Every structure is written in structure tokens, then in C-alpha cells.
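A.B. asks: Here the protein sequences come in this chain order: A and B.
Heads up, the first sequence is in this note's numbering, so the first residue is 1 and it goes up one at a time.
Heads up, the second sequence is in this note's numbering, so the first residue is 1 and it goes up one at a time.
Possibly wrong hints are sitting among the right ones.
Claimed, not checked - Pairs of lysine-lysine residues, derived as DSS-like cross-links and limited to a Cα-Cα distance of at most 25 Å, are as follows:
hint	chain 1	residue 1	chain 2	residue 2
1	A	Lys3	A	Lys70
2	B	Lys98	A	Lys106
3	A	Lys3	A	Lys106
4	A	Lys70	B	Lys79
5	A	Lys70	A	Lys106
6	A	Lys38	A	Lys3
7	A	Lys38	A	Lys70
8	B	Lys98	A	Lys3
9	A	Lys38	A	Lys106
10	A	Lys16	A	Lys38
11	B	Lys98	A	Lys38
To be verified - Quick partial rundown of chain B residues pointing at chain A, CB under 10 Å, derived from the structure:
hint	residue
12	Leu46
13	Ser86
14	Ala92
15	Phe101
Hints were generated in silico from the structure; no laboratory data involved.
Remember, it's a predicted structure, so these values are computed and weren't measured experimentally.
From the three backbone atoms N, C-alpha and C, an ideal C-beta is built for every residue, glycine too.
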Amino acid sequence: AQKVTQAQTEISVVEKEDVTLDCVYETRDTTYYLFWYKQPPSGELVFLIRRNSFDEQNEISGRYSWNFQKSTSSFNFTITASQVVDSAVYFCALSAGGADGLTFGKGTHLIIQP
Amino acid sequence: SQTIHQWPATLVQPVGSPLSLECTVEGTSNPNLYWYRQAAGRGLQLLFYSVGIGQISSEVPQNLSASRPQDRQFILSSKKLLLSDSGFYLCAKGTGEKLFFGSGTQLSVL
Numbered sequence: 001a002q003k004v005t006q007a008q009t010e011i012s013v014v015e016k017e018d019v020t021l022d023c024v025y026e027t028r029d030t031t032y033y034l035f036w037y038k039q040p041p042s043g044e045l046v047f048l049i050r051r052n053s054f055d056e057q058n059e060i061s062g063r064y065s066w067n068f069q070k071s072t073s074s075f076n077f078t079i080t081a082s083q084v085v086d087s088a089v090y091f092c093a094l095s096a097g098g099a100d101g102l103t104f105g106k107g108t109h110l111i112i113q114p
Numbered sequence: 001s002q003t004i005h006q007w008p009a010t011l012v013q014p015v016g017s018p019l020s021l022e023c024t025v026e027g028t029s030n031p032n033l034y035w036y037r038q039a040a041g042r043g044l045q046l047l048f049y050s051v052g053i054g055q056i057s058s059e060v061p062q063n064l065s066a067s068r069p070q071d072r073q074f075i076l077s078s079k080k081l082l083l084s085d086s087g088f089y090l091c092a093k094g095t096g097e098k099l100f101f102g103s104g105t106q107l108s109v110l
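Whenever a hint applies, use it, and build me the whole structure from the sequences.
C.D. replies: The following block contains the structure:
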């Protein structure tokens with residue numbers, strides 16, 4: 001069985017601070033995919049990133065960066081110099097690539113205060 | 001195109017009433033389609049998925065059902081809604097390698 005744990009229910013920081021969202025996963029599959037999605041107040045889920053289990057290279061995209069560590073089964077997400085528009089619920093998800101979709105964590109509500 | 005149409009955007013229904021939420025998608029034929037539910041304070045829970053017309057897999061036993069009458073149409077139904085059916089319902093298409101989501105339906109059962 002697959003499981004994704006986002007231990008941080010809610011994080012509140014002041015604008016321009018850096019913030020890291022934690023994600024820990026469990027799976028018995030040797031090949032799997034990890035995702036981060038953003039859910040702004042409008043409700044729609046916005047895809048941010050996908051990593052496969054064979055690629056442990058960290059990735060940076062603008063103010064966003066992701067740290068994938070297989071040894072600790074973690075896929076953490078860092079926002080540098082946070083902005084108010086970053087306020088949203090962020091979901092980490094896991095999949096073995098099959099037709100049965102993604103397993104999501106419970107989400108972290110990120111609040112960026114001006 | 002990854003366009004996913006979901007309607008209605010919001011819905012208020014009394015307990016015991018029926019439900020029908022519709023999702024239609026554009027793009028490649030024979031997509032995998034999914035219904036997820038997001039209850040308040042919880043993550044996204046997979047309810048049903050379909051790999052083709054008439055093929056439905058249920059992940060969670062409950063009083064909801066799903067149908068796929070056409071290749072690009074996925075319907076979520078209930079004969080009698082419960083209070084616990086309240087939540088945000090999201091339709092998605094794709095595979096385990098990536099999912100694209102619709103804009104969701106906020107269902108309130110009163």
C-alpha cells in the first residue's frame with residue numbers, strides 16, 4: 001500500500017521568508033513517481049512537478065525547489081522569497097504509474113502574510 | 001488539449017436526494033478518468049477510476065457510483081445523498097504518470 005504524509009497541516013510565514021513543505025512517502029514499488037500540486041482558493045489543482053524514482057537530482061524552477069531523498073523517502077518543496085500569491089494548499093502525491101491514479105497527502109495550507 | 005469540464009461548480013442538495021455530477025474531457029481518445037473527493041480538512045481521496053467505456057473501478061465502498069457512458073464522459077451519481085457526502089469533487093484525466101484536474105464541484109448536503 002502507498003502512503004503520503006504531510007505532517008505540516010498549516011504554515012504561516014511573512015512575505016519574503018523562505019519556507020519548506022515536507023513530504024514523506026511509503027511504497028513497495030521500485031518504480032514510482034512523486035508530485036507536487038498547488039490548490040489556490042479557486043480550488044483547481046495545478047500541477048507543479050513530477051519526479052521519477054530513478055532521478056534524485058534536485059530541481060529548481062524560479063523560486064521553487066525540490067529536494068528528493070530516497071534514503072529518507074522524502075520529497076520536500078521549498079519556496080524562496082515567498083510571496084502572497086504563493087498562499088494555497090499544497091499537496092504531495094505518489095504513484096506507481098498505473099491506471100489507479102495518485103495517492104495524495106492531506107495537504108499543507110500555506111499562508112503568506114504581507 | 002487537457003481541458004476538463006466539470007459542472008456544476010457548486011451544488012446544495014438535501015439529504016436523501018439524488019446526485020449527478022458530470023465531467024467531460026477533451027483531447028486524446030480513451031483517456032483514464034478519475035473522481036476524487038476532498039472533504040474538509042482532508043486530502044484527496046480517490047473514489048473511482050475508469051480505463052474505458054463501461055469500465056469502472058471503485059476504491060472506496062460507499063453510496064456513490066460512477067458511470068462512463070461515452071469515451072470522454074464520466075458521471076458521479078448517488079441515489080440518496082448522506083451528510084457525509086459533502087465535499088469538493090474533482091474529476092481528473094491522465095495516468096499514474098500525471099493527472100490533470102478539472103475545476104471541481106463543491107457539494108453541500110444539508
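A.B. asks: So, against the hints stated earlier in the document, which numbers end up violated here?
C.D. replies: As far as the earlier hints go, 4 and 13 are violated by this structure, in ascending order.
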